Amino acid sequence: MKNVYLAQMSLELPGSNYYYFPYSIGVVWAYATTQPGILENYQLCNIFSVKEPIDQMLEKIVDPDILGLSSYTWNTMYNEELARRVKERYPDCKIIIGGPNTPNRSEGYFETRPYVDYLTHQEGEGSFTGLLQYFVGEHELMDIAGISINSNGKTVMTGPSKRVDLDNVPSPYLLGLFDNIKTEHPDKIFNGVLETNRGCPFMCTFCDWGGTTFSKLKRFGLERIAEEIDWMGRNQIEMVVNSDANFGILKERDVLIADMLIETKQKYGYPVLFDTNWSKNATTQLVDIAVKLMEAQMMRRFTMALQSTNEEVLKHIKRVNLKEDAMTRVADTAFANGMSVNTELIIGLPGETWESWTSGLCNILSRDIIVEAYPVTILENSEMGQPEYIEKHGITSTVLKSYFSNHVDEWQIMLTGTNTLPEEQMKKLWLWTWITSMMDANGYTQIVSRYLNKRYDVPFEKFYERLLDYGLETPNSAFHTWLHQWKGYADKLEFNMFLAGLTYSPVMQSLGLDCRQQTYQDIYAVAQEFAPNDALLQDVMIAQERQQTIFDHADTTEITLNANVYEYSLGKEELDIAPTNYVFHRAYPPKGTNPSWVEWMNSTRKNKKWQAKVEKITKKATLFHENG
1 MKNVYLAQMS LELPGSNYYY FPYSIGVVWA YATTQPGILE NYQLCNIFSV
51 KEPIDQMLEK IVDPDILGLS SYTWNTMYNE ELARRVKERY PDCKIIIGGP
101 NTPNRSEGYF ETRPYVDYLT HQEGEGSFTG LLQYFVGEHE LMDIAGISIN
151 SNGKTVMTGP SKRVDLDNVP SPYLLGLFDN IKTEHPDKIF NGVLETNRGC
201 PFMCTFCDWG GTTFSKLKRF GLERIAEEID WMGRNQIEMV VNSDANFGIL
251 KERDVLIADM LIETKQKYGY PVLFDTNWSK NATTQLVDIA VKLMEAQMMR
301 RFTMALQSTN EEVLKHIKRV NLKEDAMTRV ADTAFANGMS VNTELIIGLP
351 GETWESWTSG LCNILSRDII VEAYPVTILE NSEMGQPEYI EKHGITSTVL
401 KSYFSNHVDE WQIMLTGTNT LPEEQMKKLW LWTWITSMMD ANGYTQIVSR
451 YLNKRYDVPF EKFYERLLDY GLETPNSAFH TWLHQWKGYA DKLEFNMFLA
501 GLTYSPVMQS LGLDCRQQTY QDIYAVAQEF APNDALLQDV MIAQERQQTI
551 FDHADTTEIT LNANVYEYSL GKEELDIAPT NYVFHRAYPP KGTNPSWVEW
601 MNSTRKNKKW QAKVEKITKK ATLFHENG
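Mapped onto my numbering, the consecutive letters of the sequence shown carry residue numbers 1 to 628.
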């Protein structure tokens, strides 16, 4: 029997104890076990999912005949170093690497990686199985579709990949392939990965999903899915992460899957939460599914992958399927059902300009939608990563150490400029985006920015640009030190430091607690520049500060303001300059729980649970406003 070792090292986020089952490599082996020549010739010794020092990993790999590795952006370099060290110790071991970060254009790959024997491309089930059959004389090498062969350092490629029949792919969960993982790592929490369909009909240029899994959608059987969900419930998996590219695209079917998740939680108490990539053709029908999950307390927010509000940009990235008006309809439906709404934007896509980005982001924020903004990572197999596309759009880039690094440094190619957004503008845009999204999403500036916009027609983007410049220019401001730290990252094109979140918690601690009074004084100073003679600004700032509640406030704070600035700023009432009484009810966790303020803010900012409940006292009635 030949010894097989497999590895799909999990994504590891800083400060997190959550990991993922190695589903992709697991399903590859699961399929192999159904094919001739496998079980009678091979035994699976272990599937690895948690990075450890390479020396420790080598002690766990004993007399391997096959080492199969699944490569993603967060584990590619670790995989290659592990492969090199295993080959050094066991020269006859066959090293096979696949996964989405394996280059489809593999010319020259083996010249710098002589320790790798084969690459598999796109779906790996058939090609990996074909190689195993070839090693025992049951297959011709050149008949195996979708592989690259190391021929003395030169690359030999076979024909294009072929799709596997998903009806013939067993579940790795139901085969027991992951049963030992939790036992081997009792200190770690593993998320379940649920794949219900495979493929992506959308060919976004920044993404390799369609190119990796084929564009035509294929489905797993509902019975298999139901059994996997039941496994996750029985095994007390806290979170199920759906790996479909477009959950909700098969509406009636996906409603049934949502029902399975809810029924399983009702039966076992698990899974507690469900996370997914919603369909790119966002419709209000998606909200129907999300509402079902929300009512079961498995989801609290709805996320749309808008990427940009600029129609020219959407054309450049082939995302004409989702437009801003569609987003508005979906958001309104979600709000009406009590859900918070997030949207993902990608900073600096081809065609984006300073003006289109800043106005677009602020337009979204003005609708009370939380923005999650990311830099452009140029993926190996995306259209954006190809030379023709790079030249057409004047793309500049840099190779950066990724924040996923653990034991072995990982690297990503980050876009730093285009012919419509050169590097120098990109640097400042990064700073502007971070201060804007952070200050708005965490409740520092929601009221004051909207007040200035509504009463004085001050564009959100101008307010936040001035707040950025003020923080950089004013040595004694609460923003000065950390903005210059972030500017240093931007100047060096180290955009990965923003992603890492390495400075996020300290900044929140500084602005929201340690220097809280100075923070709001600085915001007030910037607001005065736009409305120097407004006697109500101070009232606005009081409402602003009390809305972003903190734990050392009393459970309630009663305030009399000189106008209904809270309702006016949120567009709920016309301005009425008359004494108005408010009670602010803090949103901090109930007594008996004691997370730090930063932990509380970080854990609740996406659904705005940090936001105080505001009670307006009038002679006629008591009105409650619970935004988010």
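Please note that the accuracy of each hint is not assured.
Simulated pairs of lysine-lysine, BS3-like, Cα-Cα distance not exceeding 27 Å [unchecked claim]:
hint, residue 1, residue 2
1, Lys216, Lys267
2, Lys392, Lys454
3, Lys60, Lys292
4, Lys216, Lys188
Computed beta-carbon distance windows for the label pairs [what the hints assert, rightly or not]:
hint, residue 1, residue 2, range
5, Leu256, Thr284, 34 to 40 Å
6, Asn180, Asn363, 46 to 52 Å
7, Pro160, Pro422, 36 to 42 Å
8, Glu138, Glu52, 30 to 36 Å
9, Thr398, Gly269, 44 to 50 Å
10, Val156, Glu52, 39 to 45 Å
11, Ser215, Gly394, 26 to 32 Å
12, Lys251, Asn363, 24 to 30 Å
13, Gln266, Asp555, 30 to 36 Å
14, Trp354, Ala525, 45 to 51 Å
15, Asp332, Val62, 58 to 64 Å
Just so you know, these hints were derived from the structure itself, not from any lab. Everything numeric in this text was worked out from a predicted model, so none of it was measured. Even for Gly, the Cβ is constructed at its ideal location relative to N, Cα and C.
Hints and how they fare:
1. The straight-line distance between the Cα atoms of lysine 216 and lysine 267 is roughly 35 Å, outside the 27 Å bound, and the hint therefore fails.
2. For the suggested pair lysine 392 and lysine 454, the alpha carbons sit about 41 Å apart, so the restraint of at most 27 Å is broken.
3. Annotation: proposed proximity of lysine 60 to lysine 292 is violated, straight-line Cα distance about 44 Å (limit 27 Å).
4. With a CA separation close to 36 Å, the supplied pair lysine 216 and lysine 188 exceeds the 27 Å bound.
5. In this structure the supplied range 34 to 40 Å is violated for leucine 256 paired with threonine 284, their Cβ-Cβ distance being about 19 Å.
6. Distance hint check: the CB atoms of asparagine 180 and asparagine 363 are about 50 Å apart, consistent with the given range 46 to 52 Å.
7. Taking 36 to 42 Å as the suggested C-beta distance range, the pair proline 160 and proline 422 conforms, at roughly 38 Å.
8. With their beta carbons about 35 Å apart, glutamate 138 and glutamate 52 fall inside the hinted range of 30 to 36 Å.
9. Remark: the range hint 44 to 50 Å for threonine 398 to glycine 269 is upheld by a beta-carbon distance near 47 Å.
10. Between valine 156 and glutamate 52 the beta carbon distance is about 34 Å. The supplied range of 39 to 45 Å is therefore violated.
11. The supplied range of 26 to 32 Å is met by serine 215 and glycine 394, whose beta-carbon atoms lie about 28 Å from each other.
12. Between lysine 251 and asparagine 363, the C-beta spacing of about 29 Å keeps the proposed range 24 to 30 Å intact.
13. One distance hint, 30 to 36 Å for the beta-carbon pair glutamine 266 and aspartate 555, holds here, with the actual separation near 34 Å.
14. At roughly 25 Å, the beta-carbon separation of tryptophan 354 and alanine 525 lies outside the given 45 to 51 Å, and the hint is violated.
15. The given range of 58 to 64 Å is respected by aspartate 332 and valine 62, whose C-beta atoms sit roughly 59 Å from each other.
Of the numbered hints stated above, those contradicted by the structure are hints 1, 2, 3, 4, 5, 10 and 14, listed in ascending order.
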